[in-house]
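Let's have the full structure, built from the sequences with the hints guiding it.
Quick mapping for you: the protein sequence lines, in order, are chains G and C. Numbering-wise (our numbering), the first sequence opens with residue 1 and increments by one. Numbering-wise (our numbering), the second sequence opens with residue 1 and increments by one.
Since the hints were derived computationally from the structure, they do not count as laboratory data. Ideal placement from N, C-alpha and C gives every residue a C-beta, glycine not left out. Incorrect hints may appear among the rest.
Restraint-style ranges between C-beta atoms, simulated for each label pair [stated by the list, open to error]:
no.: 1; chain 1: C; residue 1: L84; chain 2: G; residue 2: A81; range: 40 to 50 Å
no.: 2; chain 1: G; residue 1: P8; chain 2: C; residue 2: F12; range: 26 to 36 Å
no.: 3; chain 1: G; residue 1: R13; chain 2: C; residue 2: G62; range: 34 to 44 Å
no.: 4; chain 1: C; residue 1: A81; chain 2: G; residue 2: P39; range: 26 to 36 Å
no.: 5; chain 1: G; residue 1: P39; chain 2: C; residue 2: Y64; range: 23 to 33 Å
no.: 6; chain 1: C; residue 1: S31; chain 2: G; residue 2: Q17; range: 38 to 48 Å
no.: 7; chain 1: C; residue 1: F12; chain 2: G; residue 2: Q17; range: 39 to 49 Å
no.: 8; chain 1: C; residue 1: A81; chain 2: G; residue 2: S80; range: 46 to 56 Å
no.: 9; chain 1: C; residue 1: Q8; chain 2: G; residue 2: N102; range: 26 to 36 Å
So, partial list: chain G residues that the calculated Cβ filter (under 10 Å) puts toward chain C [what the hints assert, rightly or not]:
no.: 10; residue: Y33
no.: 11; residue: Y35
no.: 12; residue: Q37
no.: 13; residue: Q41
no.: 14; residue: R44
no.: 15; residue: Q50
no.: 16; residue: G58
no.: 17; residue: A81
no.: 18; residue: L90
no.: 19; residue: A92
no.: 20; residue: G97
no.: 21; residue: T103
no.: 22; residue: G108
no.: 23; residue: Q109
no.: 24; residue: R112
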Amino acid sequence: DGGITQSPKYLFRKEGQNVTLSCEQNLNHDAMYWYRQDPGQGLRLIYYSQIVNDFQKGDIAEGYSVSREKKESFPLTVTSAQKNPTAFYLCASSINGDRGRNTEAFFGQGTRLTVV
Amino acid sequence: AQKITQTQPGMFVQEKEAVTLDCTYDTSDQSYGLFWYKQPSSGEMIFLIYQGSYDEQNATEGRYSLNFQKARKSANLVISASQLGDSAMYFCAMREVGAGGSYIPTFGRGTSLIVHP
Numbered sequence: 001d002g003g004i005t006q007s008p009k010y011l012f013r014k015e016g017q018n019v020t021l022s023c024e025q026n027l028n029h030d031a032m033y034w035y036r037q038d039p040g041q042g043l044r045l046i047y048y049s050q051i052v053n054d055f056q057k058g059d060i061a062e063g064y065s066v067s068r069e070k071k072e073s074f075p076l077t078v079t080s081a082q083k084n085p086t087a088f089y090l091c092a093s094s095i096n097g098d099r100g101r102n103t104e105a106f107f108g109q110g111t112r113l114t115v116v
Numbered sequence: 001a002q003k004i005t006q007t008q009p010g011m012f013v014q015e016k017e018a019v020t021l022d023c024t025y026d027t028s029d030q031s032y033g034l035f036w037y038k039q040p041s042s043g044e045m046i047f048l049i050y051q052g053s054y055d056e057q058n059a060t061e062g063r064y065s066l067n068f069q070k071a072r073k074s075a076n077l078v079i080s081a082s083q084l085g086d087s088a089m090y091f092c093a094m095r096e097v098g099a100g101g102s103y104i105p106t107f108g109r110g111t112s113l114i115v116h117p
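As structure tokens, this is what we get:
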């Protein structure tokens, strides 16, 4: 079955450590996205990529980094520079294109990161 | 500036009744797409319904329908015959142009819906 897989589901990190969240999709989508979700804040865009080897900063990119070496994979690294990393992180993918039907985003199950 | 506004942080509805979740948006584009997603307590995001700006009919998908008023820039989600399993967060979203002309899904802050038996 096609879909998006995020791992791990729960992640604990000590302050000052970098940590990488995995996101893999087999939907053959060109576009991939990372969102951060905090209570009452909705989904805020961290980074997005429309094509392999290219990505763009979203609204809250500071303290995060990404790579897009393969179409299927879009890992997110939360660096020690991120001041408040405890949050729920969602990865999504979609076809490229503008705003038509079938451009909805497909989401992974999410990773809940806690800094201890 | 917030592009998607959901003014209802929380809503309550009796089982089997209908409920409307509000969404207004801001865009200068003439052609755009609007989406609604459901997020149960498990955290997954489930796509519910899509409305294109040039669609003449309001979108419907089973018990979900969209009350689309283009001039008012509103796209309210109507859930008919509410069920206990409808209790979840609901997000309104729009694809908008980002850097380099690419289209990015942008989300509102969500509405928490609780269905009472």
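Status of the hints after comparison with the structure:
1. C:L84 x G:A81: 40 to 50 Å: For C:L84 and G:A81 the Cβ distance comes to about 44 Å; the hint holds.
2. G:P8 x C:F12: 26 to 36 Å: holds (35 Å)
3. G:R13 x C:G62: 34 to 44 Å: holds (41 Å)
4. C:A81 x G:P39: 26 to 36 Å: holds (29 Å)
5. G:P39 x C:Y64: 23 to 33 Å: holds (25 Å)
6. C:S31 x G:Q17: 38 to 48 Å: Between C:S31 and G:Q17, where Cβ atoms are some 45 Å apart, the hint holds.
7. C:F12 x G:Q17: 39 to 49 Å: holds (42 Å)
8. C:A81 x G:S80: 46 to 56 Å: holds (50 Å)
9. C:Q8 x G:N102: 26 to 36 Å: holds (29 Å)
10. Y33: With a closest approach of 7 Å, the G:Y33 hint holds.
11. Y35: Result: holds, 8 Å to nearest chain C Cβ.
12. Q37: Status holds, d = 8 Å.
13. Q41: holds (6 Å)
14. R44: OK, holds: G:R44 within 10 Å of chain C, min 8 Å.
15. Q50: At 5 Å from the nearest chain C Cβ, G:Q50 passes the 10 Å test, so the hint holds.
16. G58: holds (8 Å)
17. A81: Violated, because the Cβ-Cβ distance from G:A81 to chain C comes to roughly 22 Å (cut-off 10 Å).
18. L90: holds (7 Å)
19. A92: holds (7 Å)
20. G97: Check passed: Cβ of G:G97 comes within 7 Å of chain C, closer than 10 Å.
21. T103: Given a least distance of 6 Å, the restraint on G:T103 holds.
22. G108: holds (8 Å)
23. Q109: holds (5 Å)
24. R112: holds (8 Å)
Figure legend: structure checked against the earlier numbered hints; the only hint not met is number 17.
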